[in-house]
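S.K.: Starting from the structure of chain A, add chain B where the hints point.
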Amino acid sequence: MATLMAYVIGLLFTASIYMMLRRSIVKLVIGLIILSNAANLLIFVVAGLTRGAPPLIAEGAQQITGTVADPLPQALILTAIVIAFSVLAFAVVLIRRAYEVVGTDDLDQMKDTDT
Amino acid sequence: MNLAPVLPILIPLVAGALSLACWRSIRLQRLIGVVATGLLLAASIWLLLLTVDQGFLVVEMGSWPAPFSIVFVADVLSAIMIVLTGIIGLAIAIYSLASIPNGHQRFGYFPLMHLLLAGVGGAFLTGDIFNLFVWFEVMLLASFALLTLGGERAQMEGAIKYVTLNLFSSAMFLSAVGLLYGMVGTLNMADIAQKVSSVDDPGMVTVVSMMFMISFGIKAAAFPLFFWLPASYHTPQVAVSALFAGLLTKVGVYALYRVFTLIFTQDVGYTHTILLWGATLTMLTGVLGAAAQFEFRRILSFHIISQIGYMILGLALFTPLALIGGVFYIMHHIIVKTNLFLVSGITYRLLGSYELKDLGGVYRQRPYLALLFLIPALSLAGIPPLSGFFAKFIVVRASLEASEYLVAGIALLVGLLTLYSMIKIWAEVFWKKLPEHVTDDSALKGEMKEPRSWALYLPVAGLAVCTLIIGLYGQPIYVLAETAADQLMNPQLYIEAVLGGQSQ
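If you read the protein sequences in the order shown, they are chains A and B. In terms of UniProt numbering, the first sequence opens at residue 1 and continues consecutively. In terms of UniProt numbering, the second sequence opens at residue 1 and continues consecutively.
It should be emphasised that the hints constitute simulated quantities derived from the structure, not laboratory data. For each residue, glycine too, the CB sits at the ideal point set by N, CA and C. Just so you know, not all the hints are guaranteed correct.
To be verified - Quick partial rundown of chain A residues pointing at chain B, CB under 10 Å, derived from the structure:
#1 30
#2 68
#3 90
#4 94
Claimed, not checked - Below, a list of computed lysine to aspartate or glutamate pairs in the DMTMM-like style, where the Cα atoms sit at most 20 Å apart:
#5 111/A / 100/A
#6 161/B / 112/A
#7 111/A / 295/B
#8 357/B / 112/A
#9 161/B / 100/A
#10 195/B / 70/A
#11 161/B / 106/A
What the hints assert, rightly or not - Here are the computed distance ranges between Cβ atoms for each label pair:
#12 353/B / 7/A: 52 to 62 Å
#13 85/A / 416/B: 44 to 54 Å
#14 75/A / 357/B: 53 to 63 Å
#15 97/A / 227/B: 16 to 26 Å
#16 292/B / 27/A: 24 to 34 Å
#17 50/B / 75/A: 26 to 36 Å
#18 27/A / 403/B: 22 to 32 Å
Chain A extracted, bound-state conformation (with noise of 0.2 Å):
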């Protein structure tokens, strides 16, 4: 399974990175977002996966017996989800504006602030 999951984040990773060397900025952004997704399922795959085994402690007991997933990794991922909805919802509203002021959703075009 870690096997599989680990091409699933090279794929993605490799995904992404295409999506933003391409010219369109539309692209650009779809390819932070596949990139924000690889980092978190890469955290969610290296901490080990465990199936069917919540960190709950059962009725009576004072700790847990047996291999349970990790809930670590999980909360770091949900909290870096919220992070790159926020960002991203922050980029999609940049390209829009970027889109209107300039004119052009074509990068090659917007190197007037460059050196």
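M.R.: For chain B alone, kept in the frame of chain A given last:
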């Protein structure tokens, strides 16, 4: 619970919320802006005194014991950075009173400024690597909005590059945190530092350290990852430029200092050599880029990059003296660089342009402003007895002691080229005659009454005094930097302070 390490985050957060509550009244927002940043400065000085007096201050959130809770840790380096944040925050808040157009203030300039300061403060104080990511994002989101406030074409183009590269850096940081967690199973930096040496696969640790280096390198604008900076820093309002120039890249530098002295010291020969050459090339490309520019703020932007090189050089040499030099350099640079941006804003007010060819004759009409430019400019170039001289002196001496003669030579050459750039600005903006095609020089000749122009000059003069103090009374500052470097060289102290007696 000890409040001191939390106040520098709480004050801007509360001030930001209050400013949001006073959305309709920009007068109240202005008042809150100045009062809150003043309080921030006071709280940060208190924190610095406490850390010098008592060593590490650790606050555990929710009172859970250390590796399980999110901790805020203030050592001397953090406290120094927080004091600098306070100084710059106050200077920018006062400068904004006169320089930020009312339209920008109505669209939430002050709440965003407070949010940015809170993010910067949180990044300096947190002792948890994932929490560092969160503060980075808080800071980034505020900076995105500040950068695009106004919505001009250049701002949009600059912002797209800035946002993309910074989001890429964040994703890289997040992936690195995930991989690190997979290896050591903890997020507390002190706990990571103690467990990272017992990881089975040291090669993998080095791989992760390189991911951190690239991610923080993008944020610090190190070679060859700096291209977002000169593309965006000259586009927003000058107060925003100055705030970014002073604080944002330095958060990246601070993160490099923290991570590469505390956690990734297992393969110094490899990681710090890369840092060393990265730093050298950063210095060189930055200053050469500046030499080719003829726009006030672009020259200054490229000089940020070149100065970042000196700071990373202090870390890369990894000797006690080099770290002292690096910390001293950060203190000197934040104040001087912000000040130069603020001066560029004043000349813009006088003549309506940042292009050197459209500026001129300022010395004749405003000799005191020329003096106020000359102090930070010469300090940046490293002329004694100003602060930059001592900063450069320590770093160059440390590289000579480490037998890195080529690096020391380049550092000196870069100092010379910095002087060239500063003299170029001096000659073009202050010394030469006002070009004939400039017709609107009524502001320069003082024919127009400037509302609140004291708010422009007061921060510039205050920061210039700080530069002079660092230069003329360097000894206490040097001792401070020495204490900070001492703590950085002994990560065991940090680990014991955070984890208490339970370190294995």
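S.K.: Below or equal to 20 Å on CA atoms is what counts here, so check residue 357/B against residue 112/A.
M.R.: holds, 19 Å
S.K.: Does the closest beta carbon of chain B sit nearer than 10 Å to the beta carbon of residue 90/A?
M.R.: holds, 6 Å
S.K.: At the C-beta level, are residue 50/B and residue 75/A separated by a distance inside 26 to 36 Å?
M.R.: For residue 75/A against residue 50/B, whose Cβ atoms are near 32 Å apart, the range 26 to 36 Å holds.
S.K.: A range of 53 to 63 Å was offered for this pair. Does it hold for the Cβ distance of residue 75/A and residue 357/B?
M.R.: Holds, since residue 75/A and residue 357/B (Cβ atoms, about 56 Å apart) stay within the stated range.
S.K.: Are the Cα atoms of residue 161/B and residue 106/A separated by 20 Å or less?
M.R.: holds, 13 Å
S.K.: Minimum Cβ distance from residue 94/A to chain B below 10 Å?
M.R.: holds, 6 Å
S.K.: Residue 111/A and residue 295/B were given as a pair; does the straight-line alpha-carbon distance stay at or below 20 Å?
M.R.: holds, 16 Å
S.K.: Does the nearest C-beta of chain B fall within a distance shorter than 10 Å of the C-beta of residue 30/A?
M.R.: Residue 30/A check fails; min Cβ-Cβ to chain B is 12 Å, beyond 10 Å.
S.K.: Look at the Cβ atoms of residue 27/A and residue 403/B and judge whether their distance stays inside 22 to 32 Å.
M.R.: Since residue 27/A and residue 403/B have Cβ atoms about 49 Å apart, the given range 22 to 32 Å is violated.
S.K.: Falls inside 44 to 54 Å, the C-beta gap from residue 85/A to residue 416/B?
M.R.: holds, 49 Å
S.K.: When you check the alpha-carbon spacing of residue 111/A and residue 100/A, does it fall within 20 Å?
M.R.: It holds: about 16 Å lies between the C-alpha atoms, which stays within 20 Å.
S.K.: A range of 52 to 62 Å was offered for this pair. Does it hold for the Cβ distance of residue 353/B and residue 7/A?
M.R.: holds, 55 Å
Going down the numbered hints, you'll see the structure goes against 1, 2 and 18, while the others check out.
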